[in-house]
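A.B. asks: Okay, here's what each chain looks like letter by letter:
There are 2 protein chains.
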Amino acid sequence: MRILITSGGTSEKIDDVRAITNHSSGKLGKAIAESFAKSDVMIDMITTRHAVKPEGKNIQHHYIESTADLEKTLKDLMTANTYDAVIHSMAVSDFTPESSTTLEDLKSAIATQPADLPEALVDIANERTEKKISSDTDHLVIVLKKNPKIISLIKKLQPETILVGFKLLVDVPMIELLNVAKKSLEKNHADFILANDLAEIRGEKHHGYLINKQQKVKEAHTKSEIADLIKSEVMKLEEAK
Amino acid sequence: MRILITSGGTSEKIDDVRAITNHSSGKLGKAIAESFAKSDVMIDMITTRHAVKPEGKNIQHHYIESTADLEKTLKDLMTANTYDAVIHSMAVSDFTPESSTTLEDLKSAIATQPADLPEALVDIANERTEKKISSDTDHLVIVLKKNPKIISLIKKLQPETILVGFKLLVDVPMIELLNVAKKSLEKNHADFILANDLAEIRGEKHHGYLINKQQKVKEAHTKSEIADLIKSEVMKLEEAK
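Chains as they are written, first to last, in the working numbering: chain X, 1 to 241; chain V, 1 to 241.
A hint or two may mislead.
Heads up, the list lumps identical chains together, so a pair's fine if it works in one copy or across two of them.
Claimed, not checked - Below, a list of computed lysine to aspartate or glutamate pairs in the DMTMM-like style, where the Cα atoms sit at most 20 Å apart: (1) Lys236 - Glu200; (2) Lys53 - Glu233; (3) Lys205 - Glu98; (4) Lys213 - Glu65; (5) Lys216 - Glu239; (6) Lys146 - Asp136; (7) Lys216 - Glu204; (8) Lys75 - Glu204; (9) Lys182 - Asp84; (10) Lys107 - Glu119; (11) Lys53 - Asp171; (12) Lys13 - Asp197; (13) Lys183 - Asp40; (14) Lys38 - Glu104; (15) Lys187 - Glu98; (16) Lys187 - Glu225; (17) Lys155 - Asp138.
Just so you know, the hints here were simulated from the structure itself, not pulled from any lab data. Quick caveat, the model's predicted, so the values are computed rather than measured.
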C-alpha cells in the first residue's frame, strides 16, 4: 500500500520578510503517518520545515511553503506515482497576498474609479521601488486573492484513490460542522471528511468526526484516536475494493 | 552583568487560524545569547516558541507571540529588573491586523464615504458572526494598523541601559543601509545599531555593520562574528561607564 499525506500549514509571502501563515503544528498529520507506518505502508509526506515530523520507516518528506508549492508538488507526485489513498490534512491558505499598499494609495485608486480595483492596487504596488513596505504609514492595506482549492484536484488526478479531506471550523454547533463536512465531501468527491472544531482541540485532546459517503459518522477524542480511525477506515475501504 | 535579549519574530493574529508572521529563525539572537553566556552574564531572553533556543546557563526564556505581548513582557521585565544592556534583535511586526473584509464590503464602505474608512471596516468586520473568514469571496482585504515602536520604549524605561538595536533592509546600497541605521540610532537613543541586509544573509554567512554613537562602523561576516562583536563592544562600553 502506498499513500500520500499532506501535513502542517502553508505560508504565503507578503514581502521578503513577512508572510501569512496558517497555524498547524503538523501533530495530527504526524500521528496519521505513524499509524500507517506501523502497518508497513509506504508514505510520501508533503509538509513544511516548521511542522513536526513523524517517525517510522518508509516515510519520505517533500517540503513546501506556499499553496502554489503544494499544488506543484502534489501534481508532480500524483503524476509520477499511484496512491491507494491521499490524506490531505494540511491547513491550506484560502488566499494569497496580491498587493500591499498604503491607505492613501487605496484612496487615490478609489478616486480614479478603476474598473478593476484589485488590479489597480497591484499596479500601485509594482510601481513602488522598495522591496520591503515602509513603516511610515498609519495603515497598510493587503489585498489577497483566492487560491485554487487543492483538495478538488486530487480526484481529478487519480479518480481511484481514497480521498480523506479535513474541515476545521471554529466554535460552531455540531450540526453545522457535520453539514459543512458533508458539503465538502460531495463537492470534492472525497471518501471521508474529518470534521473538527478548533474550540475542541487542546494538546493531545482532539475531538473529531469522520464522515463517509454513506453519511455514517464515527467519533474520536484524541489525535492518536483520529489517526487510528482514519487508518482503519481507509484500510477497510481499500480491502473492499 | 545582567542583560535582556529579544529574539525571533513576532506573529500577529488575523483570525483564529491565520496570522501574519515575521520571518526570523532566532539564530542571530541565539548566537548573541551564547556569546554573552560564556562570560557568565545573566540573560533574560524574550522569544517565541518557534525560534531556536540558545544553550548556556543563566538564560531564562520568556515566550511571546504578538507585538502587544512583547510590549507587555518587556515592560514587566524592565520594571522588575535593571539591565546593563538590552539587545533588541527580534523582528517586530510594524503592523497588526485591524480588520478583514471582502472587496464587496470595502466597496460598500467607500460608497457611503465614511470619515474614517479603517474604522468603518472594523465595524463591518465586527458585524460578521463567523469567527473564521469565509472563503466564498474572490478577494479578501486586510487593513493593518501601525504597532507602537518597541525599540523607542527601552531608553524611556531605563535611560542608563546600553541599547543595541537592529535594522534589516532588503537589497539596498551600503550607504543607504548605514544612513537608515544612523537615523534609527538617533531616534531611539540607541548606543549601537546592527545594520544588515537580507540579500547578504545566507545560512551562517551574515554580513553586518555595527554603528556606534560616534558613527564608528565595525564589520562582521558571520552570525558568530556579529555576536562576538556586539558582546565585546557592549562590555567595553559597560566598563568605560
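A.B. asks: Hint by hint, say whether it matches the structure.
C.D. replies: A quick look at each hint next to the structure:
In this homomeric assembly, Lys236 and Glu200 never come within 20 Å of each other (Cα to Cα): the closest approach is 28 Å inside a single copy and 54 Å across copies. In this homomeric assembly, Lys53 and Glu233 never come within 20 Å of each other (Cα to Cα): the closest approach is 23 Å inside a single copy and 40 Å across copies. Neither within a single protomer nor between protomers do Lys205 and Glu98 lie at most 20 Å apart by alpha-carbon distance, with minima of 37 Å and 31 Å respectively. When the C-alpha separation of Lys213 and Glu65 is checked against a cutoff of 20 Å, the pair qualifies neither within a copy, at 32 Å, nor between copies, at 40 Å.
In this homomeric assembly, Lys216 and Glu239 come within 20 Å of each other (Cα to Cα) only inside a single copy, at 18 Å, whereas the closest approach across copies is 73 Å. Proximity of Lys146 to Asp136 under the C-alpha cut-off of 20 Å is restricted to the inter-copy arrangement: shortest distance 9 Å between copies versus 29 Å within a copy. In this assembly of identical chains, Lys216 and Glu204 lie within 20 Å of each other by CA distance neither inside one copy nor across copies; the values are 25 Å within and 53 Å between. In this assembly of identical chains, Lys75 and Glu204 lie within 20 Å of each other by CA distance neither inside one copy nor across copies; the values are 32 Å within and 34 Å between.
Proximity of Lys182 to Asp84 under the C-alpha cut-off of 20 Å is found in neither arrangement, the shortest distances being 22 Å within a copy and 60 Å between copies. Taking identical chains as interchangeable, the C-alpha atoms of Lys107 and Glu119 lie at most 20 Å apart whether they share a chain (14 Å) or sit on different chains (14 Å). Taking identical chains as interchangeable, the C-alpha atoms of Lys53 and Asp171 are never at most 20 Å apart, the minima being 28 Å within one chain and 34 Å between chains. In this homomeric assembly, Lys13 and Asp197 come within 20 Å of each other (Cα to Cα) only across copies, at 18 Å, whereas the closest approach inside a single copy is 27 Å.
Neither within a single protomer nor between protomers do Lys183 and Asp40 lie at most 20 Å apart by alpha-carbon distance, with minima of 33 Å and 61 Å respectively. Proximity of Lys38 to Glu104 under the C-alpha cut-off of 20 Å is found in neither arrangement, the shortest distances being 57 Å within a copy and 50 Å between copies. With identical chains, the CA atoms of Lys187 and Glu98 are never at most 20 Å apart, being 27 Å at best within one copy and 33 Å at best between copies. In this homomeric assembly, Lys187 and Glu225 never come within 20 Å of each other (Cα to Cα): the closest approach is 26 Å inside a single copy and 56 Å across copies.
Taking identical chains as interchangeable, the C-alpha atoms of Lys155 and Asp138 are never at most 20 Å apart, the minima being 46 Å within one chain and 24 Å between chains.
Hint compliance for this structure: hints 1, 2, 3, 4, 7, 8, 9, 11, 13, 14, 15, 16, 17 are broken, all remaining hints hold.
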